[in-house]
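S.K.: Residue numbers (my numbering), protein chains in the order written: chain A, 1 to 265; chain B, 1 to 265; chain C, 1 to 265; chain D, 1 to 265; chain E, 1 to 265; chain F, 1 to 265.
There's no promise every hint is true.
[As the list claims (entries may be wrong)] Label pairs and their calculated CB-CB ranges:
(1) 179(F) with 58(A): 23 to 33 Å
(2) 102(C) with 213(B): 14 to 24 Å
(3) 182(A) with 213(B): 47 to 57 Å
(4) 235(F) with 223(E): 41 to 51 Å
(5) 231(F) with 57(E): 45 to 55 Å
(6) 175(A) with 179(F): 34 to 44 Å
(7) 131(B) with 133(C): 30 to 40 Å
(8) 213(F) with 231(D): 55 to 65 Å
In short, the hints are calculated from the structure, not lab data.
The beta carbon of each residue, even a glycine, is placed where N, CA and C say it ideally should be.
There are 6 protein chains.
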Amino acid sequence: MTRFPELTAPEVARLPAGTLALLPIGAIEQHGPHLPVATDHLMAEAVAERAALAAAGSCDITLLPGLAYAKSNEHAWSPGTLWLSADTLFAVLDDLGRALSAGGVRRLAFLNAHGGNSALLGVALRELRAKYGLFTFLLHASLPADQGGSSPAAEQGMGVHGGLHETSALLHLRPDLVRMELATRSVPEHLGRYEHIGFGKAVAFGWLSDDFGTGNGVIGDPTGATAELGRRLVDGAVARAAAALRECARFHPGPPATPHSEETP
Amino acid sequence: MTRFPELTAPEVARLPAGTLALLPIGAIEQHGPHLPVATDHLMAEAVAERAALAAAGSCDITLLPGLAYAKSNEHAWSPGTLWLSADTLFAVLDDLGRALSAGGVRRLAFLNAHGGNSALLGVALRELRAKYGLFTFLLHASLPADQGGSSPAAEQGMGVHGGLHETSALLHLRPDLVRMELATRSVPEHLGRYEHIGFGKAVAFGWLSDDFGTGNGVIGDPTGATAELGRRLVDGAVARAAAALRECARFHPGPPATPHSEETP
Amino acid sequence: MTRFPELTAPEVARLPAGTLALLPIGAIEQHGPHLPVATDHLMAEAVAERAALAAAGSCDITLLPGLAYAKSNEHAWSPGTLWLSADTLFAVLDDLGRALSAGGVRRLAFLNAHGGNSALLGVALRELRAKYGLFTFLLHASLPADQGGSSPAAEQGMGVHGGLHETSALLHLRPDLVRMELATRSVPEHLGRYEHIGFGKAVAFGWLSDDFGTGNGVIGDPTGATAELGRRLVDGAVARAAAALRECARFHPGPPATPHSEETP
Amino acid sequence: MTRFPELTAPEVARLPAGTLALLPIGAIEQHGPHLPVATDHLMAEAVAERAALAAAGSCDITLLPGLAYAKSNEHAWSPGTLWLSADTLFAVLDDLGRALSAGGVRRLAFLNAHGGNSALLGVALRELRAKYGLFTFLLHASLPADQGGSSPAAEQGMGVHGGLHETSALLHLRPDLVRMELATRSVPEHLGRYEHIGFGKAVAFGWLSDDFGTGNGVIGDPTGATAELGRRLVDGAVARAAAALRECARFHPGPPATPHSEETP
Amino acid sequence: MTRFPELTAPEVARLPAGTLALLPIGAIEQHGPHLPVATDHLMAEAVAERAALAAAGSCDITLLPGLAYAKSNEHAWSPGTLWLSADTLFAVLDDLGRALSAGGVRRLAFLNAHGGNSALLGVALRELRAKYGLFTFLLHASLPADQGGSSPAAEQGMGVHGGLHETSALLHLRPDLVRMELATRSVPEHLGRYEHIGFGKAVAFGWLSDDFGTGNGVIGDPTGATAELGRRLVDGAVARAAAALRECARFHPGPPATPHSEETP
Amino acid sequence: MTRFPELTAPEVARLPAGTLALLPIGAIEQHGPHLPVATDHLMAEAVAERAALAAAGSCDITLLPGLAYAKSNEHAWSPGTLWLSADTLFAVLDDLGRALSAGGVRRLAFLNAHGGNSALLGVALRELRAKYGLFTFLLHASLPADQGGSSPAAEQGMGVHGGLHETSALLHLRPDLVRMELATRSVPEHLGRYEHIGFGKAVAFGWLSDDFGTGNGVIGDPTGATAELGRRLVDGAVARAAAALRECARFHPGPPATPHSEETP
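This is chain A alone, in the form it adopts within the complex (with noise of 0.2 Å):
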């Protein structure tokens, strides 16, 4: 694995054919009075870098600078919320997209730990592959409840936001930022009254984290969290995306019989 903003300009260049560049996506918003703004971005920093090391032994992988700010507009009612516009995400992975197909990279993937970018970074998969012919993959830190990932009882499948995992993770990535003393259950559970709609059921709807009146910007249960608990679930996230990364290398989607070659994906 090779550290893409250590790299000299010619070592650029040099990097094996086929290489795959991972760029970690958070974010900076509110999460609650227990946890800090970053917690998105520390995360996607983490394990990225983690999955990286633990994939690079089967193939290549060159590490981007992370995205902190990206999007979150479902916190932009609460200081601490730092957001990128869809647009101007948008442009920014458009402009990395280019810049990395030009320089000879025909490989990216995403390592999304904010579930507020995933449907735009679905959208932007098909963009880059289009626009610049890259091949282009997603990969989240760790899916939120809303979008496949489990929740725990005591979360009523609504863990989406500052939650027992998110809190967890964070007990084990950095417990001097956590405060649990201010940690507080704020789940939802009036939700639960619809059957078609809400967090990972069959209706998507869109909501703004202070819709739902938990007053302070949690939307799960962090009360329960430990670092022992966040040190399986970042470990097992880990695990997971330096799979996924070692199949991102050398994924084809044309049929074995076709001759292709990296260079002209």
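Guided by the hints, dock chains B, C, D, E and F onto chain A, whose structure is given.
M.R.: Chains B, C, D, E and F in isolation, oriented as in the chain A frame:
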């Protein structure tokens, strides 16, 4: 259920508070040699209209003119594909959200029938909520296999475009437009060798429909399609959508104790 | 005449060289208390389809899905008006022009039924010609009185919105949607005191439909409307459009001696 | 009449309520081998200044610095054409409308001397009315033959660029810049075979000035141009513009009974 | 020296290789109670024309129509300021760069007379070099005190707007437009208490011209202005610009040994 | 000094009025064969952090996550350069300014370490002041020779990229990333023949780093670089930045007599 285009302006102004506006969104894009380019547009219109009628008894719904043209750049390589860029489709949705909101509408549901629109609509849900205060929802006419929908064994989970389900639905809705004699199996089975990356797998990837070497733009196996299967699929989609629409028309994210009116979402 | 949405992609690819694509463009906007908001949309679709059928014997035409939503900001003050900004509508037309051109189409005619679109479409004609090499044309379903169309004496040349002609046309096309009992004369006669400025006069001016103090959004006198007049108007519009379409399908701006093919406009 | 650029800021602030701002708009574009690229710019400036002076006795007009560069992409193929894109020219007009409105101006008239600007200015009229509350007007220095202007027999209604009228006007205004020895007849007579499509005919079409095979960028017949005809044309244009400006300075779209002030257009 | 607007298109095409296009850029903005809003526009035009004439004997220069309207949002609070947004002015410059390059011009110099444009023009230099291959240059009619220019003692280095130099220059160029009886000293002396932040100091800061509490929009001391000083300043500016233009017309960034032609900068 | 990303949202809300937010801005771009592509990013981060710590005793500063990617299109020709377009970087800065202001921050300082960003940041200073009411400041980690910085004799004033100073600074900050054995002198001495045009001369010019024929992307002479010189340069930069930051935290442009609060800049 009212048909928005048939109303006069004063009738629009008198729509009951809380009326749900329903916007069908399809696509005009290549669907292989056996299906018309309007396949998704026809599906969106059919399911939206039928679901709105089915739900109308218990809630207020107004059916908007659908968007035939949407985001189909994965099929841009083929004649017959008429696509809007991501920026343009965002702008269209933003304009409609603004105008609906200015006219007193407070609830907007997208009924989408094209998988290539899903991520973008996922972004738009929040944008319209944040910018115009609308309650927004995303329903699917039928989920493609790469977005949580089922896919029969013959398609190995890859029936995402012009396959068994879509072809069956068209045989039910518009049999005159289906050329079953040209339907052939085009399943990129080689994708099966990837564990993490693939349609509906953990790692999403950016793909174009000519990436897989199948030659004719189909990704799936339409050969077993029947009108009877199509009827069951469409009826099921309509029933699910109708149930969801009823919920959309009464959904509020805040706690029950919170006094709130439709006027101030 | 072919209906573009009903074609398969290979059929689009096999359209005869020189086929003219016809795009109906209407509006969803307030039309006073007696006409539906889709008045212009219905008119555009009806005239386009009938003219395409009438012309089809002598030339190749393919009828595109029409644009229901267009530029109606002069009516933005009223519920029922769903409008695209000028930027958005330009973007939609640009995207469609690009995609049609990429798919081998060389001729595109707009059939417009909303006066508020005319200037913008006038700009788009040249943009699509210059950017994509398309031969472009602008036809009107019926010219409003302020764009060269006739206006009966009772309207003093000001029957530009919801007046005698438009109401009659709707009585012919969709009598079920017309509320004649709510039709009232709303002619801003005071504009007659201006010699240079006014509908169809030498000096164009920027107006919104609530500028004139008429109160109900109508500019004209619908009270004398009849289905029979509507029939004559629509038939006339169709005949004129059909004749024009035949010419659009064979038009080339270069001199006859110039050898040119449809492939390189 | 005041010259806006010569006023101090406090003098601008003290302009009488209802003062009409007049913006000349021309073009810098090829005008064939015999006319300077500033032909339209010179015409716009000359007519605007003379008309403003002529009208000034009976109304308040302030003459703005004109726009030399405008939308000329129909001539983009030729050196000498310096053109703004449609988006850019819209942005310039929007910015000026905003700033004028912020500074207390309520009326804005465009005096246009380039046919290629007309449709775009037609769009801008409404945009500035809707966004900034300005009363907006569009005057023409002289109407080209394809926009309702007359065209002598020798030009068969096609004297739209560098023809008899424009050349005569320049012979009157700036004879030192006209190279009559290079003026040749360039009338695309073959367009006469079309009944519906053509300059000033019922069906507008998208054209570039090198579409017609005339070779030198002229569309018309300048060979008979004289300074005396130019004088009559310019004098007539000035007289018509002056009369129109007087009306623009007192125009209000509302009914006379409506009490309204300049402060709240 | 040629005046671009007076050339015919073929004459533009025949301009000598390496001809330098010169674009004056000013502003229309408040300049206090004693100077016209066109002060910077007049200065840009005067210096550009005189310098081009002075330099013309030894190099090929073509003088473009100047931009009267530019970026003046620091004065947006005042009537009389007509400003383009940063985006709009970038777009104008980009369009002109593209069109000049398409027409065969390879060298473009901005002659700027408004300090508020300087940073933006500094960005544009590189954009036009990178996008269109133009050699681009930025000259100043006279440097304001906050951009390296001198400022007399009475102004304490703060004569940046409507002060001694600018007022003197106008007294020389257009004495009829100067109201010396309204000129008052408006020097924000309190800025002197900052060591690092201030006009021309190490730390640039974002300021609006009504930030300083001086009340009348002036930042400087015009009371000692004289036409004679103005003459010397303008003559000096012209001489410096002429010398610089001569160099711009022969400048090439590559090493002398490199064989290069004007055709491929 | 607080580190913004480590704060919780309530802590951000409780930042003292007048707190200065500090945004480091670097670049990821080719820096010749001997320096890493993150050179400017590392410099911006190091100087910002140290200066913030040094200044913190006497004022309130919060250190934002820095921008690694910025405007580097002068190096777009080289692998390793990952650059944002001018539009994108403006959008990022605009979004951050908006969010900071919405969250109660009133002062924002950019600490820039890449010369290619300077002009754009100069524009942004005013935009953010005007749009969001922020007090904005631009500090430089170290001024390049073409922006007022010093340059040793061996570089003839042209040490603008990868030269003596930058290389020395990196030898101090990250010696493990410097490949001194690959450092070679690349001074475009031929620019010395121009009197007016050149790095830091009176006439700025648009340049790309491959314009000068030096071959390796360096503009300067890194061969004499030492860690000790780097230490002195960095220490000096930190001291100057710390002093400036203290002033930024108390700066107000209005006169002392004016009663003003931090709440209403």
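S.K.: Would you mind marking each hint as holding or not holding in the structure?
M.R.: Hint by hint, here is what the structure shows:
1. 179(F) with 58(A): 23 to 33 Å: 28 Å, holds
2. 102(C) with 213(B): 14 to 24 Å: Distance hint for residue 102(C), residue 213(B) holds at roughly 22 Å.
3. 182(A) with 213(B): 47 to 57 Å: 55 Å, holds
4. 235(F) with 223(E): 41 to 51 Å: 46 Å, holds
5. 231(F) with 57(E): 45 to 55 Å: This hint holds: roughly 54 Å between Cβ atoms.
6. 175(A) with 179(F): 34 to 44 Å: At roughly 38 Å between Cβ atoms, residue 179(F) and residue 175(A) fall inside 34 to 44 Å, so the hint holds.
7. 131(B) with 133(C): 30 to 40 Å: 37 Å Cβ-Cβ, so the 30 to 40 Å window holds.
8. 213(F) with 231(D): 55 to 65 Å: 58 Å, holds
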